[in-house]
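Chains as they are written, first to last, in the numbering used here: chain A, 38 to 388; chain B, 38 to 388; chain C, 38 to 388.
What the hints contain is simulated information worked out from the structure, not anything from laboratory work. There may be inaccurate statements among the hints.
[Claimed, not checked] Think about it this way: if two alpha-carbon atoms lie no more than 27 Å apart in a straight line, the pair counts; the simulated BS3-like pairs of lysine-lysine are:
1. C:Lys356 with A:Lys386
2. B:Lys363 with C:Lys352
3. B:Lys369 with B:Lys386
4. A:Lys363 with B:Lys386
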Amino acid sequence: MSRSGQRTASLAELAELVGGTVVGDDNVRVQRVAPIHLAGEQDITFVSNPKYVSALTATRASAVILRPDLEYAGNVPQIVTADPYLAFAKVLTFLNVNAPVSAGIVATAHVAETATIAEGVTVSAGCYVGDNVQIGKGSYLHPGVVLLDNVVVGADCLLYPGVVVREECRIGDRVILQPNAVIGSDGFGFAPDGEGYFKIPQVGIVVIEDDVEIGACSCVDRAAMGQTLIKKGTKIDNLVQIGHNVEVGQNTIMVSHTAIAGSTVIGNHCVFGGQSGAVGHIKIGDNVTVVARGGVSTSVDSHQYLAGFPIMPHKDWLKVSSSINKLPELRKEVNRLSKKIEELENRMKES
Amino acid sequence: MSRSGQRTASLAELAELVGGTVVGDDNVRVQRVAPIHLAGEQDITFVSNPKYVSALTATRASAVILRPDLEYAGNVPQIVTADPYLAFAKVLTFLNVNAPVSAGIVATAHVAETATIAEGVTVSAGCYVGDNVQIGKGSYLHPGVVLLDNVVVGADCLLYPGVVVREECRIGDRVILQPNAVIGSDGFGFAPDGEGYFKIPQVGIVVIEDDVEIGACSCVDRAAMGQTLIKKGTKIDNLVQIGHNVEVGQNTIMVSHTAIAGSTVIGNHCVFGGQSGAVGHIKIGDNVTVVARGGVSTSVDSHQYLAGFPIMPHKDWLKVSSSINKLPELRKEVNRLSKKIEELENRMKES
Amino acid sequence: MSRSGQRTASLAELAELVGGTVVGDDNVRVQRVAPIHLAGEQDITFVSNPKYVSALTATRASAVILRPDLEYAGNVPQIVTADPYLAFAKVLTFLNVNAPVSAGIVATAHVAETATIAEGVTVSAGCYVGDNVQIGKGSYLHPGVVLLDNVVVGADCLLYPGVVVREECRIGDRVILQPNAVIGSDGFGFAPDGEGYFKIPQVGIVVIEDDVEIGACSCVDRAAMGQTLIKKGTKIDNLVQIGHNVEVGQNTIMVSHTAIAGSTVIGNHCVFGGQSGAVGHIKIGDNVTVVARGGVSTSVDSHQYLAGFPIMPHKDWLKVSSSINKLPELRKEVNRLSKKIEELENRMKES
Numbered sequence: 038m039s040r041s042g043q044r045t046a047s048l049a050e051l052a053e054l055v056g057g058t059v060v061g062d063d064n065v066r067v068q069r070v071a072p073i074h075l076a077g078e079q080d081i082t083f084v085s086n087p088k089y090v091s092a093l094t095a096t097r098a099s100a101v102i103l104r105p106d107l108e109y110a111g112n113v114p115q116i117v118t119a120d121p122y123l124a125f126a127k128v129l130t131f132l133n134v135n136a137p138v139s140a141g142i143v144a145t146a147h148v149a150e151t152a153t154i155a156e157g158v159t160v161s162a163g164c165y166v167g168d169n170v171q172i173g174k175g176s177y178l179h180p181g182v183v184l185l186d187n188v189v190v191g192a193d194c195l196l197y198p199g200v201v202v203r204e205e206c207r208i209g210d211r212v213i214l215q216p217n218a219v220i221g222s223d224g225f226g227f228a229p230d231g232e233g234y235f236k237i238p239q240v241g242i243v244v245i246e247d248d249v250e251i252g253a254c255s256c257v258d259r260a261a262m263g264q265t266l267i268k269k270g271t272k273i274d275n276l277v278q279i280g281h282n283v284e285v286g287q288n289t290i291m292v293s294h295t296a297i298a299g300s301t302v303i304g305n306h307c308v309f310g311g312q313s314g315a316v317g318h319i320k321i322g323d324n325v326t327v328v329a330r331g332g333v334s335t336s337v338d339s340h341q342y343l344a345g346f347p348i349m350p351h352k353d354w355l356k357v358s359s360s361i362n363k364l365p366e367l368r369k370e371v372n373r374l375s376k377k378i379e380e381l382e383n384r385m386k387e388s
Numbered sequence: 038m039s040r041s042g043q044r045t046a047s048l049a050e051l052a053e054l055v056g057g058t059v060v061g062d063d064n065v066r067v068q069r070v071a072p073i074h075l076a077g078e079q080d081i082t083f084v085s086n087p088k089y090v091s092a093l094t095a096t097r098a099s100a101v102i103l104r105p106d107l108e109y110a111g112n113v114p115q116i117v118t119a120d121p122y123l124a125f126a127k128v129l130t131f132l133n134v135n136a137p138v139s140a141g142i143v144a145t146a147h148v149a150e151t152a153t154i155a156e157g158v159t160v161s162a163g164c165y166v167g168d169n170v171q172i173g174k175g176s177y178l179h180p181g182v183v184l185l186d187n188v189v190v191g192a193d194c195l196l197y198p199g200v201v202v203r204e205e206c207r208i209g210d211r212v213i214l215q216p217n218a219v220i221g222s223d224g225f226g227f228a229p230d231g232e233g234y235f236k237i238p239q240v241g242i243v244v245i246e247d248d249v250e251i252g253a254c255s256c257v258d259r260a261a262m263g264q265t266l267i268k269k270g271t272k273i274d275n276l277v278q279i280g281h282n283v284e285v286g287q288n289t290i291m292v293s294h295t296a297i298a299g300s301t302v303i304g305n306h307c308v309f310g311g312q313s314g315a316v317g318h319i320k321i322g323d324n325v326t327v328v329a330r331g332g333v334s335t336s337v338d339s340h341q342y343l344a345g346f347p348i349m350p351h352k353d354w355l356k357v358s359s360s361i362n363k364l365p366e367l368r369k370e371v372n373r374l375s376k377k378i379e380e381l382e383n384r385m386k387e388s
Numbered sequence: 038m039s040r041s042g043q044r045t046a047s048l049a050e051l052a053e054l055v056g057g058t059v060v061g062d063d064n065v066r067v068q069r070v071a072p073i074h075l076a077g078e079q080d081i082t083f084v085s086n087p088k089y090v091s092a093l094t095a096t097r098a099s100a101v102i103l104r105p106d107l108e109y110a111g112n113v114p115q116i117v118t119a120d121p122y123l124a125f126a127k128v129l130t131f132l133n134v135n136a137p138v139s140a141g142i143v144a145t146a147h148v149a150e151t152a153t154i155a156e157g158v159t160v161s162a163g164c165y166v167g168d169n170v171q172i173g174k175g176s177y178l179h180p181g182v183v184l185l186d187n188v189v190v191g192a193d194c195l196l197y198p199g200v201v202v203r204e205e206c207r208i209g210d211r212v213i214l215q216p217n218a219v220i221g222s223d224g225f226g227f228a229p230d231g232e233g234y235f236k237i238p239q240v241g242i243v244v245i246e247d248d249v250e251i252g253a254c255s256c257v258d259r260a261a262m263g264q265t266l267i268k269k270g271t272k273i274d275n276l277v278q279i280g281h282n283v284e285v286g287q288n289t290i291m292v293s294h295t296a297i298a299g300s301t302v303i304g305n306h307c308v309f310g311g312q313s314g315a316v317g318h319i320k321i322g323d324n325v326t327v328v329a330r331g332g333v334s335t336s337v338d339s340h341q342y343l344a345g346f347p348i349m350p351h352k353d354w355l356k357v358s359s360s361i362n363k364l365p366e367l368r369k370e371v372n373r374l375s376k377k378i379e380e381l382e383n384r385m386k387e388s
């Protein structure tokens, strides 16, 4: 693999890319994106937060991406757009061209004769592509990727070193699998058999739809029967566990160390914070946010913002969490009141 | 690797396999196991729960596995057995024949001349088998498995892609290691040495007994001295951490993201739920269940059902967890009572 | 790889190694380190804890490492030193010689022509070394290590099987990366874009300084821009997540399943217990200890000993954690007091 170098662009080109308009000289060319205080010649920077507008007077950037409502009277040429953060991401992508250049199928890779490899696919050294595997146009397998028999990988996927996709699993288009991610490991299912356990064969698969990203060392287990499903656009961080027969909706976010137990169904546009989790066999609606470390143990409706373990509305959790460290003094206070009441009762009896 | 296809079986054969009896035509042949509402021609389904018996009237399955005490008067041929779930697992295993067919030692694998490889072993492309490694009859190494020097692997093991077993470690018979599992990484031991730390060499090993399964990206650290031990029949899920010199008993279950710190000894038939943990240097008895997220920080006796952090009996945890979100109102109530008492005291003084 | 065998040493040699003095015959030779009750002929043991001194009367060890203030009158020859535990670690390291013997660059490894490999480096079977990679003197790559383009690895590093270091990242000298560790995976950054998310290219790198150790299946994400930094001497256990642009100070310890979110800065000599964590964009001072499961959600000053979630001083956490399971009875008590007060009020009205 060899990444092509950075390229330059004029503000006119970039404004078109992000759907913005240029204020100032649209022939100015930039080469890099940089934070406002580090930017220099040929750098473009961006401001989303009004409090950083004043910092622009001191910047040495060649251009800035700015929101239309931010008042700025300096001479740095601007690209004005409603969402400078998104524009920044798009400009950064454009300037860095980080798609690796295709290197074809390296001779030292193992590719089964029955595999179907489309145009422009890279299969690097040490990769293994099993029987009847299909890989779509432009996908890139870094060194040491293993695709077992009958796996289907779509177009323009990026599979980093050490990724394993087990037999029969299906990966959509433009999917990114970070290093050592595992797709299709056996679900965790055993039937008690006297003293021990009898393994329940996991004969289902994993289906990963388009535009999903799965983090390093994350694991998505294959279904017992049927499929484990990660829907379009969902982004999963490192070291996340997805149990068998789980269904994760579209455009959902899961941060590191999240664990979703078997057969749970999660909606669209959810967010799971770091070290959060959900038990098995529940249903979580759309637009549910579970803050870091939240643990969901019953089904929850859509449009909720939750935290804690046991799980509760986040606003309640804020109160609870500010009460927890006052628990010892609360106990003392209750003891004090108990004695007061006894005294009062005694005095009443006397009177 | 090439999995052989599914096969069919008569009810007579399957009844013998699971130790059940046939009610109806025992020549009926089935090919697949399917859930009751999805089953069709040539499928066998199973019912453990009385409430699903009525669903059998509508099923299109060719046969059903049933408990003897469940009353069912329909015409679907039955296999009657005391544990339909276990029978289901056995039938599914039989019909799917998921043991891969041996492919021998592939030329592109690295196998040391001093390694001893039994009959029927598969060593796939990209595997590394070090000096003096022994691999027992019928074991299957998927692509990219690494066994460092002096490792011993028993018979009929299944090692998935990316598994690493470090030097000297010993794996029993019928052990399954899911993709990217790591056996024998260094235990985490350092001696303070002025400003920094001096690494304590981890010169022990890991011993994994027969019929153990270790999940994807799970790590079992080698002992500082002596051995880390996972006993017969224990099943460990994905992303679990087992520290150095830990001993896990027989037929114990550990769900994803569990972490057991160094030198802790765990008994037989325990269950650790997801994201649970135990500190180091403690002893946990037999038949101890630690519910998801439970954190054990002192030794515990056998036959307990525990939850929470700090750990407590599960029945206490249910009460505690239903009290936690009422903590803010409890504080308010205590404040209210405090004022009331002050008022009462003042009135008493006046009177 | 072939480890050279164990060697023997005289007490005179070992005393010099650890900076101690010999009491008894300094020509006695030992070969192994063993715990006091297991030690036999040719073994050396050590005693740090006064309560084990008496056990020395029964030991069959050939020598013992002892603190100068421990009173011992037996005949076992001694090495007397202020820190027997550190001395034990040094003696164990010396006797085990666990540095693997260089095996050179194996023909079946993929090494780019543009890579620069110093003397005494081992590149094992199935490794991949990309364009312009530099590897320093004496470093050892076990089978299946992948270093993508422009990676720099220092001298005397030990990279275990399945380690992945992505493009541009920089590893110092004497760094140890346990199996399947991932350095330089993409940071988790996305900009909302209508219904879905637009990936923010992660164009920064990871810098790992000298004498760092990273555990099995741990992940250190590359920076969005700039660098994620792990400073000199820091030791990270298995399955730990370090987010993009995090900075971890020198000689800091992180136990298994710890997760540090993006852009957080951690000082020197910190300790993070197992399953602990820190949110993003905060600053944690020097010499901060976060006990197992502690969750840090705001910046904290140096020299603190913290626990719990929400985080609090450990001494407070001890009180809180001993109060949590008394919460249900506390609620009952408050109810009882409430009724008492009502009674008192009613009686007052009557009187």
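- Item | Unsatisfied constraints (hint numbers, rising) | Of the numbered hints, 1, 4 do not hold.
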